[in-house]
Each structure stands twice: as C-alpha cells, then as structure tokens.
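Starting from the given sequences, assemble the full structure and let the hints guide the process.
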Amino acid sequence: MARIVLDELAHSYKPGPKGPQDYALKRIDHVWRQGGAYALLGPSGCGKTTLLNIISGLVVPTEGRILFDDRDVTRLPTEARNIAQVFQFPVVYDTMTVRENLAFPLKNRRVEASVVRRRVEEIARLLGLSRVLDRRANNLTADMKQKISLGRGLVRPDVAAILFDEPLTVIDPHLKWQLRSTLKEIHRELDLTMIYVTHDQTEALTFADEVVVMYDGAVVQTGTPDALFERPEHTFVGHFIGSPGMNVLPCTVEGTTARVDGQTIPLAGAYPDLPQGRRIELGVRPEFTTLAAKGAGLPVRVKRIDDLGRVRIARVDLGGRPFAATVPEGVAVDGDEASVILDPTRVHIYADGHLVAALPAGATAA
Amino acid sequence: MNKTVNQKAWFLVLPVFVVVAFSAIVPLMTVVNYSVQDTFGNNQFFWNGVGWFQELLDPSTELGGRFFDALWRNLAFSAVILAIEIPLGIVVALSMPRHGWTVAFSLVVMALPLLIPWNVVGTIWQVFARGDIGLLGWVVNHLGVAYNYVLDPASAWITIVVMDVWHWTSLVALLCYAGLKSIPDAYYQAARIDGASRLAVFTTIQLPKMRRVLLIAVLLRFMDSFMIYTEPFVLTGGGPGNATTYVSIDLVKLALGQFDLGKAAAMSIVYNLVILAVCWVFYTVMVNADAEKKEVEA
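Protein chains in written order, with UniProt numbering: chain A, 1 to 366; chain B, 1 to 298.
Hints are computed from structural coordinates only; laboratory data are not their basis. Hints are not guaranteed to be accurate.
Unchecked claim - With a cut-off of at most 30 Å between alpha-carbon atoms, the simulated DSS-like pairs for lysine-lysine come out as follows:
| hint | chain 1 | residue 1 | chain 2 | residue 2 |
| --- | --- | --- | --- | --- |
| 1 | B | LYS181 | A | LYS14 |
| 2 | A | LYS107 | B | LYS181 |
| 3 | A | LYS107 | A | LYS26 |
| 4 | B | LYS209 | A | LYS176 |
As structure tokens, this is what we get:
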C-alpha cells in the first residue's frame, strides 16, 4: 500500500542529454494516490512504457526521484520494490502448472507453504482460475495466460501497485470487456493502486478514475475522463480523445470574438492576455457543433455525412479546412451549402497548443 | 472418375531414379556385394555368405574384437564430447552479449572455428601440441607435466577432445544463442518482478525455451563426433597403438590398409546401421517432444 510520488523525474536513453529533444521522458512531477485507478494514455513512442519501467524499477531514471510513501526507491532494483507488472504479451512459465505459476513469486520470497497454498487459491478464485489450477500453464488461451500474469502480481500480499503495460493487446475483443471488468472488480476489492498504460482511449476512459495523457515525452493533462473530454488542456488531448477528435482552427481573438478566415465566432469569455507571437488556435468538439441550414452560422461546404450509429457527423469544409459537426435530428442538407453553429461555452482558445483560461466576458468591458 | 493412363509420365521421374541410383543405390549395393564375398586380389571374388557379419559381431574373433573396441572407444568419445560441449555451449551462449555492436563481433569470433576445414584443424593442433616446437606442448612440458600425444594415450585423448571442443563448441553456443534470442525481454522483466533467482530464471525460462535447439545440438554433435575421422587421422593416425582408433579410422585401415574389402564392407554396413538406429532414437524423441507440446497447446 503506497502513494507513489514522481519528483522531477526525467529520463534520457542517450548518455549526457543536451536539449529536451534528447529526453524520452521530459520532467514529470506527479502523485499517484494510494488506491487510485489510473490510465496512462498516449500514442506509441510517447514515453508511457519508459515511465512505467521507471516506476517498476526496470529502468533507472536519469534525473529525479521516485518515492513510495516517503521512501526513496529510485535506485532500488525491481525485486526490492513492492510492485507488480503485467506486460503486453502474457508471460507464463511454460513448464509449470497454473498453481506453480501463481506460487512462483511467493516461493522465491520463501513464504511458508501453507500460506502460499491459501493465497494462491484465494487469488485463483478472484480471477476465475480455480478450475484450471492444476493444468499446465501453456495450454491455456491468451486471456487466461494474461490472468495468470496478473495473478502472479496479486498473489503477493505486500504489493503496493500493479502496473499494466497494454495488457489487452493480444486478447480477443469479446474477452477484453470481461477482463477489464475483472480488473475493475479486483481494484474495488483489494484497494490497490493500478496504473494502466494504453493507447486506446476507450480502454483508458472505461478503466480509470483519472487519466494521464502523455504526448512526446511529457504529461499534457491529468484529469477525469469528463475533464479530458470537456476541457482538453492541450490540442493533442482534443485530437486524441473523442471520436472524431476536436476541431482545431487557427484564429485571431479580439475581445469576446474569434476570427477564422474573416468569419466571426462568438466566445463565452475574453482573452486579454493572449501571448504575442504564438500560434493561436480555436478548439471545439464536434459534439458541441451543429450543422444547420445555409445562412444560420458559419458557411461551410458539406463533403459527406458519416452515420456513427448514435449520431451523424458531417464532414465539412470550413474555409478550406476539414471540420466535423454533429447533424441534429431532422436537419436535411440541400446540396452542399450549409452552415455550422458553435456553442460559445464549449469553444476553447489555445496558444501553441496549450489551453488559455478565459476571463468572464464582463471583465473586458473596461 | 477416370484416370487417364499415360506411360510417358515415367519419363518425368526418370531423372530422379537415375540420380538416386548413382548417388545411393549403386554404391550401397556395391558395399553389400563386397560384404558377402572375399577376395585375394586380381579381381577374383569368392562367396562367403554372412561369414563376415558373424565374425564382426562376435567379440572373440580378431575382427569382432577390434570392431567392438573401436565402437566402445567411439561411444566413449561421443559421450565425453557431449558432456563437455553441451554445457559449455550453454554457458557461452548465456554469457554472450544480447545488445550492441559486441553481438556481431562475438558472433563472428564464434563462427571462425566452424569455417576451418577439418584437416586444417588437425594440422593446426598437431603442430600446436608438439612438445618441441608447438606452443601448447612446449608450455605444458615446461610446466612440469609429462605430455606427449604421440606416445601417451591419455595425452592423445585429451588433445583430440580439446581440439574437438575448440572446433565445435561454437556450433552448440550459436544454436543456444538463437534459442535465447527468441525469448522476449518481458520474460526476464517478469522474472525480476517475481523475484526469481538467476538459477530460477535459467531453469524456468531459458532452459525450456532452449530445449528444441538443444535437441538439435545434441543430435548434430553426436553424429559428428561418432563419425569423426579427419582430425584424429591427421593428429594421431589412430595411435598411440589403437588408443584413438575410432570406428571410421579402423574402417579405413581395414579397407585401404589391409585391403580386406569383405570385412570392411560388413563393418561399413553395421556402422551405418548403428548410426541409423541412433538417428531414429533422436528423431523419435524430438517428434514426441513436439507432439507433447502440440497436445499441450491445443
């Protein structure tokens, strides 16, 4: 049981890193609460696995410290930390039975045989492995093997956190749901910290209470799935989360209006302190944008309409840029001329990709 | 369904028949032919039936005695070779680097002995081990150890074994290395997290993953060492006395030295059958191991 603190952590695989481009993991300060379910979300190569390996001790960071509660474990080897990790491909010891596999971490730590037996049976029951306990581990399906990998972590009573490195990659889609809900159940039952690395937003958003989004070696936003959806703090988060992703358009801002290609877009707040010389962009999710008849809003040219089942999304052309908007029930488009209406309270302004906080509209009157 | 009869199809398989006949059947039949006859030269042959085989398989006769001596000697040699090269190859493979430029370097160095022709290996060691001008022999003698592979059977055996280990351990190591390379890093990481000791990693991860290549390594090294000829022939010529006369060396002595074609042919056939039998055993073991694995995976 532990709170995990990352203190000014950074890592470079090159010796003697000179600039930020040499870092696989840029400076990170973060606290993982005891008992939290976290997802570490980001595209391949963004440093998620590096971060995970630093926490588990497989990689020693170039800079900074890791604290478990208040104990500095930065340089402690994996086996001396109370951490378990489940990998992308299930790791089972082929020559052993399921029971021996589950008992392996305890045997290595010289736990008494009767305790081992009790513990193994308890974990097997939790994971639904009781029926296969005496079978050879390598004659099982991938999802069973992944459960065994997980079980070897859970079986240790001292485990503070379990790290998952894209554990469902090789699992059949219809079993992913099952395994994910098993994970959630275990999380509720055992009060463990779980950190789940994935590049699949659905997995992250359904698993975690809090999602940490990484991009290019840095954490760009930490928050609940709702916060990530409604207030992306970085245009990358807007793109990456949501399907389709957020619309991002270059713009200029004057008072409470934004200008995109000569069209004005009303904003809910004002941005008097926008930094000079930065790339200013406007972001709005397709969910908060509706398609309307020509003349009702910003003029657009409709390219096609995708039916996603629950909603219909119009792919339109706004001043030469692709844009996506929701098509409300009962709206029929005549020809390809139409317009889009943006919900001003859902429009965010970004400077160099980072969210800029808005002041209430009234404050700018002066 | 009507099959069309077309005898011309025989012409299509004719090349194979011809090649197999000339490469295998005719030479083998020549040997079979010799093995049931005796000759005193001048291309005159006398029918002897299974006489040579009876003599060969009876250790109390002169022929049977020398055959069984050579056979046991050869089996002992193969056992020694396997007992040294297999564990040594595994150890070497385990200590080879897994990443970086040193991988290519060590692979090349390891492959070097394998590229040297057998008779050159024999010659190298014949010179290297000589007491007067050979570096090894001279040093060992000056360290106070009586070592002479020409006169002392123990010295001769040790030299041949060391030579074979030098020549062929690389093969075992490279095969094992290939097996080790196929283990994903996650296994080692998981083992560390599980707190496994170095020995536990070896027995639970590395050895099971190497099992198949090890079977191949054992088979190859057994076959090669059981049929060894060139290196001991160059180094010791089978001596001192008959101390290093393995079956193939004895066979050549019998066939070309004494020109006892009948006896040599009978010995060839029995030698061949022994090799086939051992091959079959290995093959069965490997196929069974595979079948067991498949059944387990199903």
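* Within a Cα-Cα threshold of 30 Å, do LYS107(A) and LYS26(A) meet the stated pairing? -> violated (38 Å)
* Holds or violated: LYS107(A) to LYS181(B), with C-alpha atoms at most 30 Å apart -> holds (27 Å)
* Pair hint outcome, LYS181(B) versus LYS14(A) [Cα-Cα no greater than 30 Å] -> holds (24 Å)
* Are LYS209(B) and LYS176(A) close enough, with their CA atoms no more than 30 Å apart? -> holds (28 Å)
Figure legend: structure checked against the earlier numbered hints; the only hint not met is number 3.
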